[in-house]
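Q: The residues making up each chain are set out below.
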Amino acid sequence: MTMPLDGIRVVDLTMVWAGPFGARMLGDYGAEVIKVESPRQWDLLRSLGLIPRTEARWYNKSAYFNHNNRDKYALALDLNDPRGKDVLLQLCAVSDILVENFRTDVMDNLGLTYEAVRAVNPRIIYISMPGHGKTGPEKDYVAYGSNVEQLAGLVSLSGYESDEPMKTGFSYGDPMAGTALVGAVATAMRQRSLTGEGMYLELAQRENLTMFVGEYLVDYSMNRQARPPIGNRHPTFAPHNRYQCAGEDRWVTIACETGAQFAALCAVIGQPQLAADPRFATNAGRKANEAELDTFIETWTRTRGHYEVMHLLQRAGVPTGAVLTTPELLADPHLRSRGAWVEHTHPDAGTWEMEAPPWKLSRTPGHIRMPAPGFGEHNSYVLRDLLRLPEERIAELYAAGITADDPDESLHR
Amino acid sequence: MPQPLSGLRVLELGTFVSAPYCGKLFAGYGAEVIKVEPPGGDISRVHGPFKDGVPNPETSALFLYLNTGKRSVELDVRAPAGREAFLRLVEKSDVVIENFLPRDMRALRLTYDALKAVNPRVVLISVTTFGQDGPYADYLSNNLIAFAMGGQMFITGTQEGGPVKNGGYQADYQGGLNAFSAGMLAVLAAERDGLGQHVDVSIQQCMAPLLEATIPYYTYLGRWAGLRRGNHMASFIGIYPCADGHLGIHIMPRNWKPFTDVMGRPDLFDDPRFVTQADRAQHNDDLMAEFYAWAAGETKHDIYQRAGTGRAPIAFVHTMDDLLTSAQLNFRGFLQEIEHPVAGTATYPGPPWWIGPDAWRHGRAPLLGEHTEPILREVAGLGAADVARLGSGVPA
Chain A
0 MTMPLDGIRV
10 VDLTMVWAGP
20 FGARMLGDYG
30 AEVIKVESPR
40 QWDLLRSLGL
50 IPRTEARWYN
60 KSAYFNHNNR
70 DKYALALDLN
80 DPRGKDVLLQ
90 LCAVSDILVE
100 NFRTDVMDNL
110 GLTYEAVRAV
120 NPRIIYISMP
130 GHGKTGPEKD
140 YVAYGSNVEQ
150 LAGLVSLSGY
160 ESDEPMKTGF
170 SYGDPMAGTA
180 LVGAVATAMR
190 QRSLTGEGMY
200 LELAQRENLT
210 MFVGEYLVDY
220 SMNRQARPPI
230 GNRHPTFAPH
240 NRYQCAGEDR
250 WVTIACETGA
260 QFAALCAVIG
270 QPQLAADPRF
280 ATNAGRKANE
290 AELDTFIETW
300 TRTRGHYEVM
310 HLLQRAGVPT
320 GAVLTTPELL
330 ADPHLRSRGA
340 WVEHTHPDAG
350 TWEMEAPPWK
360 LSRTPGHIRM
370 PAPGFGEHNS
380 YVLRDLLRLP
390 EERIAELYAA
400 GITADDPDES
410 LHR
Chain B
0 MPQPLSGLRV
10 LELGTFVSAP
20 YCGKLFAGYG
30 AEVIKVEPPG
40 GDISRVHGPF
50 KDGVPNPETS
60 ALFLYLNTGK
70 RSVELDVRAP
80 AGREAFLRLV
90 EKSDVVIENF
100 LPRDMRALRL
110 TYDALKAVNP
120 RVVLISVTTF
130 GQDGPYADYL
140 SNNLIAFAMG
150 GQMFITGTQE
160 GGPVKNGGYQ
170 ADYQGGLNAF
180 SAGMLAVLAA
190 ERDGLGQHVD
200 VSIQQCMAPL
210 LEATIPYYTY
220 LGRWAGLRRG
230 NHMASFIGIY
240 PCADGHLGIH
250 IMPRNWKPFT
260 DVMGRPDLFD
270 DPRFVTQADR
280 AQHNDDLMAE
290 FYAWAAGETK
300 HDIYQRAGTG
310 RAPIAFVHTM
320 DDLLTSAQLN
330 FRGFLQEIEH
340 PVAGTATYPG
350 PPWWIGPDAW
360 RHGRAPLLGE
370 HTEPILREVA
380 GLGAADVARL
390 GSGVPA
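Line by line, the protein sequences give chains A and B.
Numbering follows numbering that gives the first Met the number 0, in which position 249 of the first sequence is assigned residue number 248; successive positions increment by one, without gaps.
Numbering follows numbering that gives the first Met the number 0, in which position 388 of the second sequence is assigned residue number 387; successive positions increment by one, without gaps.
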């Protein structure tokens, strides 16, 4: 029983969220992922852990970093120095995949273009994850987390009914690009197995997310009609909304798609006559009178807990889901039962719970095999064991500050 | 150059969005995708929005988009002969994608074990809100329910307005993308070892860990703010109305100088209230008032271009019209016109990632049952009489 990416080596030059998260999943499912950070420019997530700077090796204790970088090795290497770049090319020569999400001009300026990497390894799959892509009039425009969903058209479709556009609650484009990275790597590996050759692959985050609103684009191109935000409602089904429950800021969602589901809902909320009411007998009628319907439903939900409403209605055959908070996600019996959260120990950070690999592959499951690496933790493994560099060359890399076992943390305080 | 997934045959027993999006990605990158539709077709065919607003199972934008490049077989797998024909197709396939409740697949006797019995190499990709096991596995769900149970809804919207769903079918799309990535790992393993497996994707489980730093801060530090922040994570990360739309700004510490330059407000850069990100957070309301006043006087295309040149993180909220006319997307060939015999010409985005000019092909969505006969004859190996008896799945 092996993992799907056993024997695949990945050079991970990515920083922050999208790239590190995606590369971590490659590690979860068996790849040997080597994360490269500069002694003077580590992954920003090390700084965003809310750890007091007075603690020893505080930069290894950032949970934000440690969740997104487990199952990786870490090499400290300054790519701005030609000797660092040479080491990276040696690493590329024995790797299958390189992935980067620098500003669009950085890899070119470092002399690490696809052509340069291909020259040392024609089988390598070289992946860039830019915001806009590496071609086109906007390729150099800055686009961070929340900008991606704006550019992808999603924000224009989101929001309360007939209200202004609404952002998502997080930098949505990032984890979607990270999730896509696994599919992109696998697609590229399939192509390599057909042709024997590596390739350049570009995952533009903006384009990846635009795919998630494709039906709106097709619609608009056919009909030239804008579709303003409709909140929690559905274009055709009703009732389809979020309802307040007992407790502070607690909510439940209910979505009926059939008459039978609606009748079951009416029975559970003690209003069986509604199902026969001519105003609500058809879906079209329910849609036309949905505001009134919502009042009946919310009057009932307000007096009950959101989990309670969900279980009562689900037992009767009504699609219902509690609006879960973060603490509730961690405690949710279903996610618990599926092993979604696992206890985990890191030598510097201690023991806590983090997410399991997300997908269950029955024959080749993923695992958390290694805690996230401390800064430069695997310098010796990579430089000595993997690349077999002579000791004097390794000493030179250390002496010149091209590699280091400890970062220059003064730059990150 | 062969397409990356050429030679793979995929059966999609999928409805609506999640499984069809997964199948669309397989088809786009070169797999032969056979969509098995129930009599009357995938429910996305009756959803719309329709061309010219006129309901027609061949002109629903949702169906047209999610089923590009596939072939359609109309087959009632609930009927014994239909199920038998389906299993004949499974024998000849590498991948099966489905998004039914586990209890429905059991009722159809199309569990992984049943598929494995006819084809041990087959990869079964199941994508549902709750996955294959656990106490909610057979709970009814749709995009709204999944969005709530995955934790993304609670953090979306304003504190006063209450949780709100994102536009379209975001939970379902996340499910489809996760199903593709997970399923492709199993395809690689099958091509290596000659054995298939069951890939279990729970949309809730995929979504729950993705809330930026929220999960790590809560599980490691015990911190959780529990707030919905509407359109502003802070004054410097958020959305502001402009003269002809909305701008989005996302300022990291290093962008403050270029941002104030593009704004034409060097005085803000020099203002002692706004020197560091912490200062800017402390004087959040003052800064937000400055940004509201500034944005109201800008137009979206003009400021976007100036920000691009000046390397300031300012985007604008793209409408569908803005996407269709985007210089960037058009330059990159990301928008392609596809002709459909009933719906006519429309514009489709793709690919999600680029692997060279020939790796992705769109193709149009199939008509309902367009390929029933050739696939049942040539792939399933049924005789003409058997195909006729199945009656193209048309309901009596």
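Mixed in with the good hints there might be a few duds.
To be verified - In silico DSSO-like pairs for lysine-lysine, Cα to Cα no more than 27 angstroms straight-line:
{"hint": "1", "chain 1": "A", "residue 1": "Lys138", "chain 2": "A", "residue 2": "Lys84"}
{"hint": "2", "chain 1": "A", "residue 1": "Lys133", "chain 2": "A", "residue 2": "Lys84"}
{"hint": "3", "chain 1": "B", "residue 1": "Lys256", "chain 2": "A", "residue 2": "Lys138"}
{"hint": "4", "chain 1": "B", "residue 1": "Lys115", "chain 2": "A", "residue 2": "Lys133"}
{"hint": "5", "chain 1": "B", "residue 1": "Lys115", "chain 2": "B", "residue 2": "Lys91"}
What the hints assert, rightly or not - Derived Cβ-Cβ restraints for the label pairs, each shown as a range:
{"hint": "6", "chain 1": "A", "residue 1": "Ala118", "chain 2": "B", "residue 2": "Arg102", "range": "51 to 57 angstroms"}
{"hint": "7", "chain 1": "A", "residue 1": "Leu388", "chain 2": "B", "residue 2": "Pro356", "range": "37 to 43 angstroms"}
{"hint": "8", "chain 1": "A", "residue 1": "Gly269", "chain 2": "B", "residue 2": "Asn329", "range": "53 to 59 angstroms"}
{"hint": "9", "chain 1": "A", "residue 1": "Asp162", "chain 2": "B", "residue 2": "Gly309", "range": "29 to 35 angstroms"}
{"hint": "10", "chain 1": "A", "residue 1": "Ala280", "chain 2": "B", "residue 2": "Leu226", "range": "50 to 56 angstroms"}
{"hint": "11", "chain 1": "A", "residue 1": "Leu49", "chain 2": "B", "residue 2": "Gly309", "range": "30 to 36 angstroms"}
FYI, nobody ran anything at the bench for these hints, they're computed from the structure.
Glycine residues also receive a C-beta, built at the ideal position from the N, C-alpha and C atoms.
Q: Does the Cβ-Cβ separation between Leu388(A) and Pro356(B) fall within 37 to 43 angstroms?
A: Check passed, 39 angstroms falls within 37 to 43 angstroms.
Q: Is it true that Asp162(A) and Gly309(B) lie within 29 to 35 angstroms of each other by Cβ?
A: holds, 31 angstroms
Q: Check the following: the C-beta atoms of Leu49(A) and Gly309(B) are separated by a distance inside 30 to 36 angstroms.
A: holds, 32 angstroms
Q: Just to be careful, I want the Cα atoms of Lys138(A) and Lys84(A) compared with a cutoff of 27 angstroms; is the pair within it?
A: holds, 25 angstroms
Q: Take a look at whether the Cβ-Cβ distance between Ala118(A) and Arg102(B) falls inside 51 to 57 angstroms.
A: holds, 56 angstroms
Q: Has the hinted range 53 to 59 angstroms been met by the Cβ atoms of Gly269(A) and Asn329(B)?
A: holds, 56 angstroms
Q: Regarding the pair Lys115(B) and Lys91(B), is the alpha-carbon distance no greater than 27 angstroms?
A: With Cα atoms ~12 angstroms apart, Lys115(B) and Lys91(B) stay inside 27 angstroms; holds.
Q: Are Lys115(B) and Lys133(A) close enough, with their CA atoms no more than 27 angstroms apart?
A: Not OK: Lys115(B) and Lys133(A) at ~44 angstroms, beyond 27 angstroms, violated.
Q: Taking only the CA atoms, is the gap from Lys133(A) to Lys84(A) under or equal to 27 angstroms?
A: Distance ~22 angstroms between Lys133(A) and Lys84(A) Cα, so the pair holds.
Q: Just to be careful, I want the Cα atoms of Lys256(B) and Lys138(A) compared with a cutoff of 27 angstroms; is the pair within it?
A: holds, 21 angstroms
Q: Is the distance from the Cβ of Ala280(A) to the Cβ of Leu226(B) consistent with 50 to 56 angstroms?
A: 41 angstroms Cβ-Cβ, so the 50 to 56 angstroms window is violated.
Hints 4, 10 from the earlier list are contradicted by this structure; the remaining hints agree with it.
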